[in-house]
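Protein chains in written order, with the working numbering: chain G, 1 to 271; chain P, 272 to 535.
Some clues are possibly wrong.
To be verified - Simulated pairs of lysine-lysine, DSSO-like, Cα-Cα distance not exceeding 30 Å:
| # | chain 1 | residue 1 | chain 2 | residue 2 |
| --- | --- | --- | --- | --- |
| 1 | G | Lys228 | G | Lys268 |
| 2 | G | Lys136 | G | Lys104 |
| 3 | G | Lys7 | G | Lys166 |
| 4 | G | Lys166 | P | Lys456 |
| 5 | G | Lys267 | G | Lys7 |
| 6 | P | Lys375 | P | Lys278 |
| 7 | G | Lys228 | P | Lys375 |
| 8 | P | Lys372 | G | Lys166 |
| 9 | P | Lys278 | G | Lys166 |
| 10 | G | Lys166 | G | Lys104 |
| 11 | P | Lys456 | P | Lys532 |
| 12 | G | Lys268 | G | Lys104 |
Simulated from the structure, these hints should not be mistaken for lab results.
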Amino acid sequence: MMKLEKKMMLWSTPKTAPDGPDQNFQPYLEPYLLPGDTVRGCVLVLPGGGYGARAPHEGAPIAERFNRLGFHAFVLQYRVAPWRYPAPQEDALRAIKIIRTHAKEWNIKPDKIAILGFSAGGHLACSTGIVYNEVKADNGDECDAASARPDAEILCYPVITGVPGKGHMGSFENLLGKEVPREEYLTYSWERRVRPDTPPAFLWHTAEDTGVPVENSLEYALALRQQKIPFAVHIFPNGPHGVGLADNRPGLEDVTVWPELAGTWLKKMEF
Amino acid sequence: MLWSDAKRTPDGAVGEFQPFLEPYLLPGDKVRGCVIVCPGGGYTIRAPHEGAPIAEKFNAMGFHAFVLQYRVAPYVYPAPQEDALRAIKLIRTHAEEWGIKANKIAILGFSAGGHLACSAGVLYDEVPANNADECDAASARPDAEILCYAVISAGTPYANLGSFQNLFGTQTPSDAELEMVACEKHVDADTPPAFLWHTAEDATVAVENSLNYALALHRNKIPFAVHIFPDGPHGIGLADNRPGLEDVTIWPDLAGTWLKKMDF
Numbered sequence: 001m002m003k004l005e006k007k008m009m010l011w012s013t014p015k016t017a018p019d020g021p022d023q024n025f026q027p028y029l030e031p032y033l034l035p036g037d038t039v040r041g042c043v044l045v046l047p048g049g050g051y052g053a054r055a056p057h058e059g060a061p062i063a064e065r066f067n068r069l070g071f072h073a074f075v076l077q078y079r080v081a082p083w084r085y086p087a088p089q090e091d092a093l094r095a096i097k098i099i100r101t102h103a104k105e106w107n108i109k110p111d112k113i114a115i116l117g118f119s120a121g122g123h124l125a126c127s128t129g130i131v132y133n134e135v136k137a138d139n140g141d142e143c144d145a146a147s148a149r150p151d152a153e154i155l156c157y158p159v160i161t162g163v164p165g166k167g168h169m170g171s172f173e174n175l176l177g178k179e180v181p182r183e184e185y186l187t188y189s190w191e192r193r194v195r196p197d198t199p200p201a202f203l204w205h206t207a208e209d210t211g212v213p214v215e216n217s218l219e220y221a222l223a224l225r226q227q228k229i230p231f232a233v234h235i236f237p238n239g240p241h242g243v244g245l246a247d248n249r250p251g252l253e254d255v256t257v258w259p260e261l262a263g264t265w266l267k268k269m270e271f
Numbered sequence: 272m273l274w275s276d277a278k279r280t281p282d283g284a285v286g287e288f289q290p291f292l293e294p295y296l297l298p299g300d301k302v303r304g305c306v307i308v309c310p311g312g313g314y315t316i317r318a319p320h321e322g323a324p325i326a327e328k329f330n331a332m333g334f335h336a337f338v339l340q341y342r343v344a345p346y347v348y349p350a351p352q353e354d355a356l357r358a359i360k361l362i363r364t365h366a367e368e369w370g371i372k373a374n375k376i377a378i379l380g381f382s383a384g385g386h387l388a389c390s391a392g393v394l395y396d397e398v399p400a401n402n403a404d405e406c407d408a409a410s411a412r413p414d415a416e417i418l419c420y421a422v423i424s425a426g427t428p429y430a431n432l433g434s435f436q437n438l439f440g441t442q443t444p445s446d447a448e449l450e451m452v453a454c455e456k457h458v459d460a461d462t463p464p465a466f467l468w469h470t471a472e473d474a475t476v477a478v479e480n481s482l483n484y485a486l487a488l489h490r491n492k493i494p495f496a497v498h499i500f501p502d503g504p505h506g507i508g509l510a511d512n513r514p515g516l517e518d519v520t521i522w523p524d525l526a527g528t529w530l531k532k533m534d535f
């Protein structure tokens, strides 16, 4: 049994940061479970921050929004720099295993666990659908046996590609380390690694995003299409990077429809 | 009617069908942007559900509109394009009379009508659309495009060959012919902004048409929006009264908002 509390630590043994003294940060889940007995799908929210931080406006408010749409939710406070690949991925995959293992207790449909991420959190969300068998996320407990594959992905102005000119290089530097040559970024460019078992994805982006170019979403959609994986893409015409829910942003009222569109998409897949 | 003289089909005879515009002008003095609606039909027919209802929807959002009944088979390229470009010149020339903002003329098309709309935005300097009247002097460039599950690309594996067979009047259009009308290859700094929408499952016109055109616009720094809805077959128009496709019914609102942001 795992106790639901405000901060649910992911790992039994604290993780050690790569360059020396233990960092104060240890990764954890924050649950946002709706009251009542209805068994629901759930959305695991990964804030953005270039793999160097975790942006608050892309965490709690998003979980609350998906609660209002009728889904259970969690916010994952995952490891970022100076931790390197695959630390964030271990955290996300472990989170999925924990949720799936405890789904019955928590009134969650175990095969309806969606992962949602913004910006570099989108890179992380997308990676779980690709490397769920490659990256070990074991803790020596009963969750190890659960599948770590997300059932669906919601990718919000996501970092996906590491190709120069299209990629957000800063996120890759934080994820892999500055010393790693840029050719290596291609290994972690998910549009190049879509397979038939890659989960369906709902992507959205703003055409004017100068931080993470819109190719990240468009090329991933094309790659999903190649493998006949279901998807939806919404590229809104205006708006800078990082708008989150886009509420209280004059001129971006059209963007505020994205959570509903994503919620409808999940409902159609019986989340 | 678009033209003073009757158009002839490739065999030289006067065609049974002559192209025309159907106006949907809102009453009152307000000067507004306008939308020219090009129904789809593979360049061989013009689908009614992609004509009048669309013009009325855009009227309801506050825009003047026209439905363009353009030439299709047995007429061949560049007949449809001449009709679209002539329509734009006509409307632009008479904009003041009709309460239309002369630099806010959008062209909207479905399926092959989408190819027509898109091609107007890349071929407006290549295809003459003259009628020996005062409209000839007007620019034929649309100010914006709304492309609905549009045929856009030609000569690629995801292109809708049937539309081009009809457009060129042959089962085997040449590479050179297809290259001419492969819109994504002709995007440049003057290409108009576009709002595209499509359904991911469209089995008739592949969604790559929209996705790749968006990439071409992005590379040329042209403003755009794209909405790919997850479900729905080809040809749904407004998508009303379609169980399971309620999410798609927002496309006209999104397109209308987009036009308003550009002062249409």
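- Item | List of violated hint numbers, smallest to largest | 3, 7, 8, 9 and 10
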